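Construct all of the structure, not just a fragment, from the sequences and the given hints.
Read top to bottom, the protein sequences are chains G and A.
The opening position of the first sequence corresponds to residue 0 in numbering that gives the first Met the number 0, with each subsequent residue numbered one higher.
The opening position of the second sequence corresponds to residue 0 in numbering that gives the first Met the number 0, with each subsequent residue numbered one higher.
Treat the hints as calculated values from the structure; they're not laboratory data.
Be aware that a few hints might be false.
Stated by the list, open to error - Only pairs whose alpha carbons sit at most 30 angstroms apart, straight line, appear in this in silico DSBU-like list of lysine-lysine:
| id | chain 1 | residue 1 | chain 2 | residue 2 |
| --- | --- | --- | --- | --- |
| 1 | A | 219 | G | 164 |
| 2 | G | 164 | G | 22 |
| 3 | A | 59 | G | 210 |
To be verified - Label-pair restraints from in silico Cβ distances:
| id | chain 1 | residue 1 | chain 2 | residue 2 | range |
| --- | --- | --- | --- | --- | --- |
| 4 | A | 22 | G | 179 | 19 to 25 angstroms |
| 5 | G | 188 | A | 230 | 28 to 34 angstroms |
| 6 | G | 258 | A | 19 | 56 to 62 angstroms |
| 7 | A | 22 | G | 188 | 32 to 38 angstroms |
Stated by the list, open to error - Chain G stretches covered by chain A per the calculated footprint, using a threshold of three residues with CB under 8 angstroms from any CB of chain A:
| id | segment |
| --- | --- |
| 8 | 67-77 |
| 9 | 139-146 |
Computed from a predicted structure; not experimentally measured.
Think of the CB as a built atom: it goes at the ideal place given N, C-alpha and C, for glycine as much as any other residue.
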Amino acid sequence: MTEEIIIPNLQRKRIIECLNSGKRFDNRKFEEYREIVADLNISENAEGSCSVKMGNTEVYAGVKLSVVEPYPDGPNEGTLSVGMEMGPMADDVFQNGPPTIEAIEVARVIDRGIRESKLIDFEKLCIKPGEKVWQVSVDLYAVNNDGNLLDAAGLAAIVALANAKLSVYNEEEERVEHELSKNPVPIKKENLAFNITVHKVGDVFLIDPTKEEETLSEYRLSMALSDNEGHPRITAMQKGKDGGISEEDMEKILKLVEDNFSEIYKKLSKVVWGK
Amino acid sequence: MAKKIDSAYTKRSDGRKFDELRPITAKVGVVPSSDGSAMYQSGKTRAIAVVRGPRTLHPKHMENPQRGILRVTYQMMAFSVWDRIKPGNSRRSQEISKVTEWAFDEIVDLDAFPNSVVDVIIQIPQADAGTRVAGINAAVMALAQAGVPMKELISAVAIGKMDKTLVADVNKEEEDFEEGEGATDIPIALTSRSNKIALLQLDGKISIPELREVIQMAKKACSKINDIQVKALKEPGKEIKG
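Next up, the structure:
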């Protein structure tokens with residue numbers, strides 16, 4: 000069971016007062032991500048891997064490939080599996096054991112964001128129709144939690160995938176060699192979608208909350224957003240936590256996304272492609 | 000180690016001398032939200048360790064009213080080795096956690112923290128043999144940074160016997176050596192001042208005189224590792240190489 004992070008009432012009041020007056024404790028704008036740093040190849044034994052730091056929040060991601068039988072409804076398509084570990088390494092309140100519902104939700108939201116945006120060209124992951132396809136496993140680990148693990152993990156997954164190579168498949172012996180090929184995991188750059196989560200804290204809407212801000216968040220709305228000629232295209236969504244979104248609030252969220260999409264997309268793309 | 004031995008292993012695959020360690024990088028302070036944390040890398044094997052506590056122990060029935068307990072969780076990340084590992088605990092990881100816990104029980108003094116726990120979490124992002132000893136080397140730095148009372152430090156190394164040749168800090172390729180008597184893997188942890196054996200395991204076969212030599216080789220290696228650990232502890236946030 001995950002314990003709630005407890006913030007004293009006074010501190011809670013102070014943070015919300017501050018936000019309602021238009022300021023964040025770290026002086027960021029509401030629609031501004033913290034500094035993002037990605038390090039590639041944290042494991043040479045992975046087809047692709049990276050660490051992503053978003054402020055003090057840090058997530059590791061690794062891509063592993065294996066050969067599996069395709070699903071009956073997609074005999075020519077490779078498969079994707081995303082897992083998230085939120086263990087005691089990252090936070091005092093995270094515990095050992097099988098993934099909690101919090102970690103499962105993160106993995107599912109990220110999985111859908113990648114799947115529905117059609118970032119991965121699954122047909123190119125087919126080895127023998129109906130018999131053998133590549134399975135792409137993305138494993139994510141929270142290393143340090145200072146809020147917004149969701150967007151940090153989503154970004155880490157994409158950075159790892161964008162830099163992943165297929166391993167060599169030995170057709171004669173029908174097995175995967177311990178060797179990377181020169182071929183990248185097939186992705187469609189133009190479909191790249193980022194998971195961007197907007198939180199309602201106090202009366203304001205903000206992205207990339209710190210742990211304190213996240214604890215005070217009434218609800219969040221995660222959106223996988225890809226670029227449609229400068230405009231956001233939504234390919235997956237999830238409302239999280241138990242607050243309800245009023246019509247007025249929904250409009251504010253959509254406006255925030257519309258107004259800031261280009262800049263955010265540019266910033267996150269730079270992390271993925273390094274330019 | 001200049002003795003002439005008739006062995007099938009005459010040269011190390013990565014060009015090291017028989018008693019030479021792989022390049023080491025150590026850094027204290029890698030996970031800001033923790034009470035103590037450190038990274039230890041030997042060659043391509045990298046471990047991260049985090050300490051949380053002393054803190055309230057769950058489940059309650061494990062509480063010890065006499066003193067605090069130390070709980071180690073060692074895990075390898077899914078992508079740390081070529082064949083993906085299922086995330087979470089395995090029988091192997093649980094055993095390593097336990098022997099690591101025993102190694103630290105020798106040095107930590109938790110008498111002042113009854114009913115509490117000090118959690119040590121070790122993760123391996125990239126593995127090339129010797130992960131449990133790398134984990135111990137990282138964990139002891141994390142414990143020291145967290146200010147957990149310790150009588151002395153610990154350093155650990157895996158000594159290998161390739162056919163009849165003893166080598167320090169075995170890598171994966173060596174671990175898989177099959178000629179002659181094959182490979183024997185001997186992870187050892189030694190305390191820094193009293194040179195007590197805090198962890199000892201062995202897979203393979205070895206004679207008593209050879210085992211004596213193994214311990215001497217480990218002593219020398221651990222002393223070098225200890226120097227690096229101490230340097231890293233004096234300069235948190237800085238990568239110390241050796």
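#### Entry: CB-CB spacing for residue 19 (chain A) and residue 258 (chain G) relative to the 56 to 62 angstroms hint
holds, 59 angstroms
### Query
Three or more residues of the segment 139-146 of chain G near chain A by CB distance under 8 angstroms?
Contact hint for the segment 139-146 of chain G vs chain A: holds, 5 residues under 8 angstroms.
### Message
Between the beta carbons of residue 188 (chain G) and residue 230 (chain A), is the distance compatible with 28 to 34 angstroms?
### Response
Given range 28 to 34 angstroms: violated, Cβ gap about 45 angstroms.
### Query
Is the hinted pair residue 59 (chain A) and residue 210 (chain G) satisfied, with a Cα-Cα distance of at most 30 angstroms?
Cα-Cα ~28 angstroms, so holds.
### Query
Hey, residue 219 (chain A) versus residue 164 (chain G), does the alpha-carbon distance stay inside 30 angstroms?
Violated - the C-alpha atoms of residue 164 (chain G) and residue 219 (chain A) are around 41 angstroms apart, more than 30 angstroms.
### Task
With 19 to 25 angstroms as the target window, see if residue 22 (chain A) and residue 179 (chain G) comply at their CB atoms.
23 angstroms Cβ-Cβ, so the 19 to 25 angstroms window holds.
### Query
Given the hinted pair residue 164 (chain G) and residue 22 (chain G), is their alpha-carbon gap at most 30 angstroms?
The hint is violated at about 43 angstroms.
### Claimed coverage, the segment 67-77 of chain G by chain A - three or more beta carbons nearer than 8 angstroms
violated (count 0)
### Task
With respect to the beta-carbon atoms only, verify the hint that residue 22 (chain A) and residue 188 (chain G) lie 32 to 38 angstroms apart.
The hint (32 to 38 angstroms, Cβ to Cβ) holds, given that residue 22 (chain A) and residue 188 (chain G) are roughly 37 angstroms apart.
Going down the numbered hints, you'll see the structure goes against 1, 2, 5 and 8, while the others check out.
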